[in-house]
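**Q** Chains as they are written, first to last, in the working numbering: chain A, 1 to 356; chain V, 1 to 489.
If you're looking for bench data, these hints aren't it; they were derived computationally from the structure. The beta carbon of each residue, even a glycine, is placed where N, CA and C say it ideally should be.
Partial list, computed: chain A residues near chain V (C-beta under 8 Å): (1) 53; (2) 55; (3) 78; (4) 81; (5) 86; (6) 88; (7) 90; (8) 92; (9) 94; (10) 95; (11) 96; (12) 105; (13) 106; (14) 109; (15) 110; (16) 158.
Computed far set for chain A versus chain V, every beta-carbon distance over 12 Å: (17) 12; (18) 13; (19) 69; (20) 190; (21) 206; (22) 235; (23) 247; (24) 266.
If you only want the chain V side, here are some residues facing chain A, beta carbon under 7 Å, derived: (25) 390; (26) 393; (27) 394; (28) 397; (29) 398; (30) 399; (31) 401; (32) 409; (33) 412; (34) 413.
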Amino acid sequence: MISIRHLSKTYTTPDGKSLQVLKDVNCDIQKGEVISIIGPSGTGKSTFLRALNLLDPPTGGEILVDGENILRKDYPINRLRQRMGMVFQSFNLFDHLTILQNVTLAPMKLLGMSRQDAETEAIQQLRKVGMAEKADVYPSSLSGGQKQRVAIARSLAMHPEVILFDEPTSALDPTMVGEVLSVIRQLAKDGMTMLIVTHEMKFARDVSTRIFFMMEGIIYEDGTPEQIFDHPVHSATKAFVNRIQKQVYEVDSDDFDFLQMHTGINQFCIKYNIAGKAETAWSLIKEILFEHLSSVRPITVRLTHTELSGVTALDFMVEGLNESPLTQTIRESLSQQVTDIIEEQTTRGFRVKLLL
Amino acid sequence: MNELRLFASALLVLLLAGCVEKGTKKVILNSEADISGLTVAVQAGSIYDFELSKRSDIKVARFNSTPDVVAAITSGHADVMKDDEISMSPGDLRSHHLRIAMRDKESFDIAFAFRKDDAETVRLFNTFLDEIRADGTYDEIHHRWYDTDEPDTVTLPHIEQVSEGQPLRIVTHSLMAPLCFRKGDLWTGFEMEILKRFAVYVQRPLDISLLDPASGPAALQSGIADIWSGSIFITEERAKMVLFTNPYNQCHPAYFVLDGEATSDLGFWDRLKDSFHKNLIEENRWRFLVDGLWETIIIAILSLLLGTLLAGIVCWMRMSHYKWLSRIAATYIDIMRGVPLLVIMMLMFYVVLAGTGLSATTVAVVSFALVFAAYVSEIFRTAINSIGRGQTEAGVALGFTPLQTFFYIILPQAARAALPVYKGEAVSLFKNTSIVGYIAIQDLTKASDLIRSRTFDAFFPLIIISIIYFVLAWLLGKLLDKTITKPKQ
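Generate the whole structure from the sequences, applying the supplied hints.
**A** As structure tokens, this is what we get:
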């Protein structure tokens, strides 16, 4: 369906330097594929996606859609864009139009649909994303997650053959990521061809038929989710998919902003789909900081999570200590609540690590 | 409605203030030396202006017309005025409590001025003048207008004008009986009778407009007018720029001072009623206001439409990817914003569009539109830039062309963002139309001048037009609000 050959893109920065974001991208995309594009930031994931519908025209190579090179000068790109939907990180709903009008605008103006047909169609698409109820309100009164779902409906109303998702959940509050991802999951089930630039590893693994791991302007590794996440060929891929997410707090006195810490822990857990562990983590933190180690300050508290393995750990680090601050009674009380306790001496001091 | 109520209260205070009597000081003149240290009111650009400006011991206050000069002295802004003795009738003198304090020894010839290249018409006029002098018509005219105490009650005999042919375009600044004044729609007075008879003599229709006295020579030189009238002295300097006819009259310069105080035993409401009647009802003077208002509205609306259209084009050029196009637009905007509107309008009238034969109204519309476009294009640009890049991207990604994206998605949002500032600019354009009197258009402001010239009441006509301006500006604002409604939240 889409074949990409030696695609490259060079930007000229305002100070006159040229910056090659895409070096040599090659791939073939078939109908029905759901491809997640992952990789470190600044490696050209979004640029690649935006090159496909020429929102950011590439500077070299070719893109063949149904055998035709769309980089040809006289190629009717507007026609192609009608068949190639796009969902943006920042939603980009039309603020002056109601939700319904946002969805009907393009079908009416571009496909020549009558208002009535377009509205019937729009309501159908809005139902699909659970937003039919809000048809007559303006975008400014919606939450981020709702806006993004409307943006998806707006895209669907044109009956595209493929939809490009450019980090659809990155601008969302963690609590709203789920609603958007579930809409995309449903689309995948319905067989929609999609390219998704995302940082949601678990989602990418669940929903995709194929993963592109992009780095340094090329598709570094291309394979099924199992290949990329479980048996990556390249070490860079392995390092990326196994990277540890963490949240660190330095508790130096009892004046520390514990409220903010509580919120931070909750958000972290929601973001990495471990909301169930949030309460345990917070009660453990309270127990250790205010009961067992209430006289020991400063303490560095760290919450870590490895997305792929699903391992979550909570560790407490006391600097300059060379023996465990835990007593046997404490250890026993804690072991009821966690899967494992690791006590280790490090160069900086002593660390107690609780695996949740 | 609150603004309306506030305005009404402010008006009442003004009305009360305007009805307070002003004190005047007694001036006695025996020789030219006695005017030393006084403020002398004269017509701008008149021979008195030139003559008195040479003296350093007096202050010269210049005004555009004799009524303004009279108003200056009766309102206490000047101690003495100098003008032609015959420009004021004995009746006028009495009603304004003026008297002649001193006469100049010399008198001057006055004539009509023609375009430098129009010797043929000058020759025709001179022949015409000789003929009416010979057959007694001239004496009859002179007698009609000057041998009476109340020349403004004199009826101009009906002189059937021709309607076909190349018009004889006359500019005058004079609005004073008996020389030349307006009575309702009718231009009348001594000069006008001569000119009307001359027009019939040469079988050309007349086209008369009001222009400030200093602009007369420019109007002739730029070919906007054929004749400059209004008690024009023959001076050597002027003779270099224009062609003078043979003198048709003489003028006798004199100093006028206040004679006693204007008193009124009427109460406030009666005086208001009296003012109302004098300024609006008598001689159907409200017609001036209606005609002027129409002119003002036409100019405002046309320049608003044309200016907005132009603003769109300038904005498009300014935002163009072509550097040279953008630079042209930027330069245009800088120039139009850097030169006063009045100056631009006068330049258009006397220089740029002088030879095109466009009417003064058209010139005004073009000038206002050009300046309005410069300001509004920047308002548009700011508004468009305030709409996020994402909106364009979303439109284009859906398959709209850049142009469609602009019209369906960017423009509606930008229009809403621009509205508050645009509204202010539109209202300000509307109010600025009050300067079109400078290029001989009788708009609302000029209508108040016309009324003042007959009633010598500065206060009432100005208050009336400020009310009209205010209400219209307010309505214009409301109308613009209605046109571009805000989205319901």
